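Number of protein chains: 2
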Amino acid sequence: MDTKKYIDSHRERFFNELFSLLRIPSISALPEHRKDMQLCAERWRDLLLEAGADRAEVMPTSASPVVFAEKIVDRSFPTVLVYAHYDVMPVEPLELWHTEPFEPVVKDGKLWARGADDDKGQGFIQLKAFEIAVKEGLLRCNVKFLIEGGEEIGSPGVEAFCKEHLDLLKCDVILVSDTSMVGLDTPSITTGLRGLAYWEIEVTGPNRDLHSGIFGGTVANPINELCKMLAGVVDENGHITLPHFYDKVETVSAQERAMLGAVPYDEEKYKAAIDVEALSGEVGYSPLERTAIRPTFDICGIWGGYTGEGAKTVLPSKAYAKVSCRLVPHQNHEEISKMFIDYIYSVAPRSVKVKVSPMHGGESYVCPIDLPAYRAAEKGYELAFGKRPLAVRRGGSIPIIATFEKVLGVKSVLMGFGLESDATHSPNENFLIEMYEKGIIAVVEFYNQFGH
Amino acid sequence: MDTKKYIDSHRERFFNELFSLLRIPSISALPEHRKDMQLCAERWRDLLLEAGADRAEVMPTSASPVVFAEKIVDRSFPTVLVYAHYDVMPVEPLELWHTEPFEPVVKDGKLWARGADDDKGQGFIQLKAFEIAVKEGLLRCNVKFLIEGGEEIGSPGVEAFCKEHLDLLKCDVILVSDTSMVGLDTPSITTGLRGLAYWEIEVTGPNRDLHSGIFGGTVANPINELCKMLAGVVDENGHITLPHFYDKVETVSAQERAMLGAVPYDEEKYKAAIDVEALSGEVGYSPLERTAIRPTFDICGIWGGYTGEGAKTVLPSKAYAKVSCRLVPHQNHEEISKMFIDYIYSVAPRSVKVKVSPMHGGESYVCPIDLPAYRAAEKGYELAFGKRPLAVRRGGSIPIIATFEKVLGVKSVLMGFGLESDATHSPNENFLIEMYEKGIIAVVEFYNQFGH
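As given, the protein sequences belong to chains A and B, one line each in that order.
Heads up, the first sequence is in this note's numbering, so the first residue is 725 and it goes up one at a time.
Heads up, the second sequence is in this note's numbering, so the first residue is 725 and it goes up one at a time.
Keep in mind that the hints were calculated from the coordinates and are not lab data.
Please read these numbers as outputs of a predicted model, since none were measured by experiment.
Hints are supplied without guarantee of correctness; some may be wrong.
Stated by the list, open to error - Here are the simulated lysine-lysine pairs, PhoX-like style, with alpha carbons at most 20 Å apart:
#1 B:1077 x A:995
#2 A:972 x A:1062
#3 B:1077 x B:1062
#4 A:1077 x B:993
#5 B:728 x B:859
#6 B:859 x B:729
#7 A:729 x A:859
#8 A:1079 x A:952
#9 A:993 x B:1077
#10 B:952 x A:952
#11 B:995 x A:1077
#12 A:1077 x A:1062
Stated by the list, open to error - Between beta-carbon pairs, the in silico distance windows are:
#13 A:1074 x B:1176: 52 to 58 Å
#14 A:1007 x B:1077: 18 to 24 Å
#15 A:983 x B:972: 56 to 62 Å
#16 A:983 x B:756: 54 to 60 Å
#17 B:783 x A:830: 58 to 64 Å
Glycine included, each C-beta is placed from N, C-alpha and C at the ideal position.
Let's have the full structure, built from the sequences with the hints guiding it.
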């Protein structure tokens, strides 16, 4: 079996299929795209059937539908559940895109589109590896697919769906392509994911925008107060000040910190790639440790008052922010959520009204490297990239992975093929075509190894 | 002479004339309204000629044109220069207006429109008082008009215009209707105005929006940093922390503080009107003192990152804020501007790029109450409102008034007829028709007294 040859001889069809997914603006955060969610789920169903699934169907949840598919080779064989998501992030700011976000373009060895990597491109690697494994008769396991439509907004409805369909989703391991490697020449498998907590804050001062000359000085300004409250969350050493925030944070072993320290990392190149003069963060941890094994606090968005051209003096009525924490083992996102809400209410002055709404959250996740499926994945990377992959914890969050562990009792192996330069969640998202092809080779080899 | 009778018999024409000004969206902050500025200036010119000016013309400046007009009764008489502005504030947020901002409506004894008070309505009081004084042969002074189109954005071009036309603008006192009274039953003349300094801040982190999971913790978040820098400007006692900020602040005499203390003020009503539970501000000063004789720091607008619906995790590239200080005698707005810029640059971490752009500014102003023109104004209020007006310092800023004093060497008397409920700079700006009529009576009486 030569996977590369198969890819070469089906190159155009593969691209056309992937493009058909990328052209659907399945933005889960925006309700006006509800119809696109349905369309995208149906397209996935059709592609799964064409790839060799015995059955595939679009199934409702309380939120966007999920796509379920399966290929049962033999009931006595172990079962792999492939998880991916068909939803994508919003595309603003649109003016920074060099191409249309939902009109995929192949250029400079890359595929450019919203979702090119996250997660339509990576999910498609799984789909095509499955097709090849089926067509080439490699499968010594059963394969199920669960493709959901709300990963970017916290997978609403998916936990309940899992609980309702425990039998349908029964499996031995979950396979996910939704993470990044350290670099094209440094294959790696993500063995840890950070958790997430997310809130929206609304601060109300006076009941209308006021003249800042007439009222300024006596009436609290909601933007001033919001900035003060948010500035207090992180101290000058980069520590988060919420009481008990670090109580449950795992103390990572010296051995694991050494492994992270071995990851090739060039600070000058890292800074140059994002054009910053200096890095930032918590005192006592290396830059990579700060993104991998330590929790963070980021203001994802803020707005209020006059934001047009020129200078308008105004004491505004409202100010808003969207804020999030990345969490690490064993922080519980619901406990952290409550801590933050308590903190904000405790520091909010009486002169403004403050409302904190928790949005989606999720637990962190750790994958043991002695799992048979992990070993099979390692073999896949070795074949595709010519090197044994590093096992590294990374900073991103896929909250549903922790939910799978809790509800289905099954570990996930994160066979991700993204790169940091893919600009996921940003304008000009892209995916290296070399990575896409090597990804398919690695997953086919996973199937070849798994079940032996 | 009965001014009231004159107003009554010309009521409809007066309204139609004022409406013709209010219908022009002369928003100085927005470049797309440049043509409206010209139209509004031309309308003012025509109305001034119709009201009795010997000459009136639209004259260019480096920014919006000004309207100059004059009525020379006798070269040996003293000369009054009436100042007003034909530009208005932006109207956002539009959804909060109950009527169209540029389609004036009379309802509940009030006139509703952007500019109904500030400053088309108040400027119109001056225009009609002038017309009556001319028609009734009351003028024992010469009258000049300078109507500008950039007051809301710091009067660009007007200082240079004054310097170029010193002879044309020669006068003995300047009369301005662009301030508020304490209340309809508490006539007052503003004798002090705060100054203003205004800046826009741009904070740049990474060169693009980043995935907050992959980069968060190690790459500085520009919104976090902006909030921290701004939160540091005011301490927990409401004091501004910029070094030397208070060095030149006038220590107001116990006598003047006592006068401010005598202004009728009901804190519960004040809070209820704007729906806040508690007031805020600098320790050691009463609420009215905080708005009148103390400087402030307000964030007028802030924006950055994801501000759409739902929860998007992002480490944004940019964050912005528009911030301003109200200043008091004898703070110099250019010195204060430099202090703020120095402060921000001194606290900005190397992990972000920070750019602070000073926008418009202006000095504070104090009017002596023994000025003959002030005495004439007092008489005008007494006739119109039946009570001697209080002399009070107020919190607003009209930077050009201090410029007039510096460039023309002439004091201004602020015959203002607004009320705090007029919602200037806010949605649903309005002007009490009773106030408008009493204002005309007061200014006609000013002319009757002045020159005696």
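Hints, verified against the model:
1. B:1077 x A:995: Given pair residue 1077 of chain B, residue 995 of chain A holds - Cα atoms ~13 Å apart, limit 20 Å.
2. A:972 x A:1062: holds, 15 Å
3. B:1077 x B:1062: Holds, because 18 Å separates the two Cα atoms, which is no more than 20 Å.
4. A:1077 x B:993: Holds, at roughly 18 Å.
5. B:728 x B:859: Holds - the C-alpha atoms of residue 859 of chain B and residue 728 of chain B are around 14 Å apart, at most 20 Å.
6. B:859 x B:729: holds, 13 Å
7. A:729 x A:859: holds, 13 Å
8. A:1079 x A:952: holds, 15 Å
9. A:993 x B:1077: holds, 18 Å
10. B:952 x A:952: holds, 7 Å
11. B:995 x A:1077: This hinted pair holds, its Cα atoms lying about 13 Å apart.
12. A:1077 x A:1062: holds, 18 Å
13. A:1074 x B:1176: 52 to 58 Å: holds, 54 Å
14. A:1007 x B:1077: 18 to 24 Å: Given a distance of about 23 Å, which is inside 18 to 24 Å, the answer is holds.
15. A:983 x B:972: 56 to 62 Å: holds, 60 Å
16. A:983 x B:756: 54 to 60 Å: holds, 58 Å
17. B:783 x A:830: 58 to 64 Å: With a Cβ separation near 60 Å, residue 783 of chain B and residue 830 of chain A satisfy 58 to 64 Å, so the hint holds.
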